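Engineer: The lines below spell out each chain.
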Amino acid sequence: MDSNKKYWKGLEELQQTPAFVENSKSEFAEPLPIENVLEGPGLEKKTPRRDFLKKLGFGIGAVSLAACQNTPVHKSIPYLIKPEEVTPGIPNYYASSYNGQSVLVKTREGRPILIEANPAAKLLNCGTDAATQASVLDLYDTNKLKDPKIGGRETGWAKVDKAVIAALDEANASGKQIRIVSSTLNSPTALSLIAQFTAKYPTTKLVEIDSVSYAGIIKANQNSFGKAVIPHYRFDKAEVIVSVSADFIGTWLSGEEYTQQFISKRDYKSLENGKMSRLIQFESGMSLTGSNADARIPIKVSEEVPVLIALYNAITGNNVAGAIGSDNAKAQKVVALASKELLQAKGKSVVVAGSNNVAVQSLVNAINVALENYGNTIDLDNASYQYKGNDTDFESFLNEAKAGNVGVAFFLNTNPAYDYYDSKKLADALEKIKTKISFSDREDETSVYMDILAPNHSYLESWGDGNALTGYYTIVQPTINPVYNTRQYEQSLLIWSGSEQDYYDYLRAYWEQNILAGTGRSWDDMLQTGFEYKGEVAAQAYSFNGDINSIAQQALSFSKSFAKDVEVQLYQSIALRDGKQGNNALLHELPDPISKVTWDNYVAISPAYAKSLGIVENDVLKVTGENGYTVELPVLLQPGQAQGTVSIAVGYGRSKVGKAGNNIGKNAYPFAKIVDGAQVLYTTAKIEKTGDSYILAQTQTHHTIEGRNVVRETSFKDYLHDPAHGSGNHGTKHKTYDLWNKYESPGHKWVLAIDLNACTGCGSCIVACNLENNIPVVGRDEVRRRREMHWMRVDRYYSFNVEGNEVTKEKELASLSGEDLDDVSVVHQPMMCQHCDHAPCETVCPVLATVHSNEGLNHMAYNRCFGTRYCANNCPYKVRRFNWFNYWNDSRFDNYLNNEFTQLVLNPDVTSRTRGVMEKCSMCIQRIQAGKLKAKMEKRPLKDGDIVMACGSACSANAIIFGDLNDPNSEVSKALKNERVYYVLEEINVQPNVGYMTKVRNTLEA
Amino acid sequence: MSSHNESIIREPLVTGQNITYAKVTNDILVPVENKPNKAWWIGFTLAVLGALLWLFSVSYTFWFGIGAWGLNKTVGWAWDITDFVWWVGIGHAGTLISAVLLLFRQNWRNSINRSAEAMTIFAVICAATYVVAHMGRPWLAYWIFPLPNQFGSLWVNFNSPLVWDAFAISTYFTVSLVFWYTGLLPDIATVRDRATGLRRRIYSIFSFGWNGSVKTWQRFEIVSLILAGISTPLVLSVHTIVSFDFATSVIPGWHTTIFPPYFVAGAIFSGFAMVQTLLLIMRKVLNFENYITMFHIESMNKIIMTTGSIVGVAYLTELFIAWYSGSEYEMYAFENRIAGPYWWAYWAMMTCNVISPQLFWFKKIRTSIPISWVLSIVVNIGMWFERFVIIVTSLHRDYLPSSWAMFYPTWTDVGIFVGSIGLFFTLFLLFLRVLPGIAIAEVKLLLNGPSYQQKLKLAKEGHQDPEQVAFLQKSLEKFDTVSEEEIKELSK
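Chains as they are written, first to last, in our numbering: chain A, 194 to 1199; chain B, 39 to 530.
In short, the hints are calculated from the structure, not lab data.
Small disclaimer: the values here were computed from a predicted structure and weren't measured.
All residues carry an ideal CB built from backbone N, CA and C; glycine is no exception.
Check each hint, because a few of them may be wrong.
[Claimed, not checked] Which bits of chain A does chain B cover? Going by a derived footprint, with three or more residues having C-beta under 8 Å, they are:
hint, stretch
1, 987-995
2, 1053-1067
[Stated by the list, open to error] Derived CB-CB ranges, DEER-like:
hint, chain 1, residue 1, chain 2, residue 2, range
3, B, Q396, A, I888, 38 to 44 Å
4, A, K1002, B, G267, 52 to 58 Å
5, A, E937, B, T389, 42 to 48 Å
6, A, S217, B, L185, 46 to 52 Å
7, A, I888, B, N197, 39 to 45 Å
8, A, G940, B, L215, 48 to 54 Å
9, A, K928, B, I415, 48 to 54 Å
10, B, N197, A, I253, 42 to 48 Å
Bound-form chain A, shown alone (with noise of 0.2 Å):
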């Protein structure tokens, strides 16, 4: 209903006089007095009652206006200008290497978060080793150093460039030496600008020390052979192996390529050819590699050589005095029948020990000439340059600095501060040397005695190249510009040597002059590739020279000096190792493989032993050594350790690493020596307890499995008769009734399938999972607490045989004496998710966070989880993990991601979780989704090996098996319809995706 009518307000409106027209025209009929308010006596004016109102409703307008704001600000810039390769949300990945493997290093948005091995790559391309996955958190590191350093205060490098140029001036005036002290450097362009370096400066010298040394080796098979390198040794060769104390799966040399050698010969796919091999292992301590042998002989220290002995003895039917006696009656039995088996595979076979004295590496030449080994299984022609440390180098650089002859010193990726065991000789020889210039990242132990400290860059930031192999030639590139005011140290060198060059168009030109000439590949290829080998060069049969008499004399007295006391085995741990990253979080909570300690050594002393002296679990002793150097460590009861004898890890004790790393256990380096030239770490040591208890952070802590099948296992004997034996799988099975319906999954079924021999227990995996998924590091009292938050474990079990019988309740055990505790089987099982069908977790979610896709995964959506944790308890697999604080912003777990740089480590494609919910292993839905659209934007059906779990990607021995079981064509189908497969706790038909493969133990029958 219009209406025409018009009321006016006003007569002024109904005249529309000029001032009303004017006034108007502006929203408020009188100005504000705004002005009169905010100015100076508005200001002091009362408030009058009558503006009580006012004030209380603007200033709760205002207020709530205010708090409005419920998101918080983050600063994240866009791409002003879209770099070229960089697509928001697509990985970009560069072919770089480390320690002379091929990776690929996985970027998002120009920062480097994950490292694989190299799938292309011809030599090493194997998994990656937990120090390789966890080398990426190292670039995060926020205790590196910023800036160049002189005499301790930051400064600019043209100031450092000036101070270096003048010492090494004066040394070269002088006529002082200039020495540049390096762990092995097998680059060959460093090399190459090491010699133009020594072109200016004439008395510079290269000295190679490694953290562990393998100099035995070398110098051994130069007294045997004339060849004074590393030989590669073929483990997919030899049919038996013999280790005397050497861990070649886990730390020894290559543990990774030479995981993947051994495993060839025992996986699911070589025992479908009726093929396994057998590894005898001898050893004091329980290694990686002892814990996957099929008989393992607990030997003293000192009585490693009579072992080797009675071998070469019982081999070449000669009679060489020493061989170990009645008083170890099993290893005589056991060498016995290991020398059988050793001449039966003549050729096929290869015989390792870790000790690093030379005399015990000569015997083990003798032993291996001796089984016509060299040409077959090992290969000094291909050498390894992988370990090139000389001790007596470092010895006499020493010597020569002590005296006075050194003027200039660099320290290259070496600490000797830290890992050389005689601080004090060291002390002395430093400071007599001039200048000393350090090229280390952070202020480390050895930096506290340099002038001038002149950070490297880390090798994600920096040009570079290797020689790990004879032949074999890899790329160093970088990934991300370099994060702090580091410059690399090819690049120093280069400018101190008075060259203008860029260090990348002189890598450039060695390579094309030198690596690429001929080859008809180009520099481009190579940064695509990563890599060049120039084949193998034909391996040739050695014969020993030297009188094997005396060499077993020499090599009997050194193994005599540890036969007193309590003998001590220094080892390196699998996730620390030599101790150089010792500030990476995510390898100190990484379980070490067999007794499941994280954040700590400690000294390990079997069950008998330790009750003989009194010790119990949890016990702090005082070990004091022969050089008189003590620590303090608590003990772990470890069984298989031999009678009289510890092992405690080196590695640890960092002081000055940085703020995760610091004081995380005890040094345990000066207990080493150097006998004959090389370095070895053994000792003899006195044992007290302190009276003092500390308990160990333990990711598990029952080590038996009581009886029950979620382990099944066979010996190769009985799996020759029948495929099936152990895993109980013969095909049929019982009808079962389900009260839920069966899950259908038309399109794809992903499911895992896991070879219980093919798996070793290195737990590289476990850093993987922990990179790709965002994983939390919690540190070492919540580990305590029983809160690690690892998706995927590694479960260790043992079983001892007593009398034919296995053992494993724990009330059985309780009554076993000290002795039979030391005949022990290992087995190691990944566990993870099992994605079940009728999965226990999903029904028990009150708000659905858990739920079934129809690809057969079980989902877990963060946002809906409100934390019951009822899922966990009822997850029969304990495979659910709680978020029980803000890990991310807890000043509590100070040692991880609680700072923004660090947190560029994190994987944008997955979410990270907040407090109060659950999470667990997604199978990598990341890693699915990506493939599948990959194969999508390609329009083609996705197929077998596109996609692969972060798990299996870093496994060497391809133990884990991940793909599509609706595909029969596809891997882990086939995998799967192997008859070894079981799934554990089947019996409860909660229908797992997860296939295991029962362990087979090719035991040595007498």
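Based on these hints, arrange chain B on the given structure of chain A.
Structural biologist: This is chain B only, laid out in the frame that chain A set:
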């Protein structure tokens, strides 16, 4: 209810002489209408301190996360759910007394139902706090209900016992509260009528305009009966559903069909023990001895003994079934309870719950007030251990030995539990200050029937069989509120 004469051999439910309606009102309203005495203040101070401890511990947990508790990757529930089930169980006696005994016309309930129901409500409040507090993200607790939400079809999981639990507990709380409040109406009106000023206005509002007319009383009786009918199934269903939290899982030691009856019996057992704990103190401190008599105490002890025996049989049945099942996991779960690292918890449970109530076979013991009180506490300790045993010892060693772990409580766990007892007593002591602790109207019904003075009157009328009078005299001997003269007087 009954105005006709009761058989003389029945024991009186109200003792003392010259008990008039006015005296009942006066006696019961003493704590409501007067300033609190010293005993109350001491108790209240302790209780409030406890409640503050609760507040602090819960706030600490909310601030830092559930990690403040001693839980771990293997044991995801421990003290939290133990305490929750313990409190829910305690609540059961109130409903049983108010509803089931009403339907069965057990008029001895009249003098204990009020406090028992109050206990139920406060116990359920304590239990409900755990439902929220144990969540990782408690601010999302409302997601447990099927509320409409912005996510479209996102709904709760009706397969999950926790959803049933939320329904069961909330229904139980609502019905108990309504039942309790309905029963309170005539008594609030009584307080109102005697009060002045502001108190009168407040009680007036809360009495919902009760006018004492016949129609009001009739409706009151009908509503009580209907509510009793609604509550009765709840007595069985609530703890049945709580037991489903465990029974429907796959964990050995939880996955048990016996749980529903076993939990219900256990709940009544612990509930009566708690009623006993409270009333024995209350009758002494508030001088309610004539209304809560030895007959009540003995009856409750008999119920404790019966339900305790049921629980004991359930424990033994569990052991038998574990052996009979042939399932190694099930067998191990029970072996581990008996002789594993938590053996002491199992044997504490066995001693407190199975052995100690058997003492009530002795009349001397079940009519001894101090022993009854001590045993009532022993039973509640035992019932706490029962839940601890079920939850922690089943979880800490389940299928894969690699994950076996121990649970050690932190100060927060202890603080929340001890604090919740403080919270409970704070509420209970406040209740005693503002509302009559005994149902005045319902006790008045007893004066002309099962009361000592009525028995005395009947005896004096002389029409009673002397043998029956002698029987009554004998049964009155245990009463602490009936003197020897009063017993003799019956046969004069």
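Engineer: Each hint: holds or not?
Structural biologist: Here's how the hints hold up against the structure:
1. With a threshold of 8 Å between beta carbons, the proposed coverage of the stretch 987-995 of chain A by chain B holds, since 3 of its residues qualify and at least three are required.
2. Here the stretch 1053-1067 of chain A counts 10 residues with a CB under 8 Å from a CB of chain B, which clears the bar of 3, and the coverage holds.
3. At roughly 42 Å, the beta carbons of Q396(B) and I888(A) sit within the given window of 38 to 44 Å.
4. In this structure the hint that K1002(A) and G267(B) lie 52 to 58 Å apart at CB holds, the actual value being about 54 Å.
5. At about 53 Å, the beta-carbon gap between E937(A) and T389(B) misses the expected band of 42 to 48 Å.
6. Hint check: S217(A) to L185(B), Cβ distance near 51 Å, so the stated range 46 to 52 Å holds.
7. Hint check: I888(A) to N197(B), Cβ distance near 40 Å, so the stated range 39 to 45 Å holds.
8. Checked against the hint of 48 to 54 Å, the pair G940(A) and L215(B) passes, with Cβ atoms roughly 52 Å apart.
9. The given range of 48 to 54 Å is respected by K928(A) and I415(B), whose C-beta atoms sit roughly 52 Å from each other.
10. The beta-carbon spacing between N197(B) and I253(A), approximately 47 Å, falls within the hinted interval of 42 to 48 Å.
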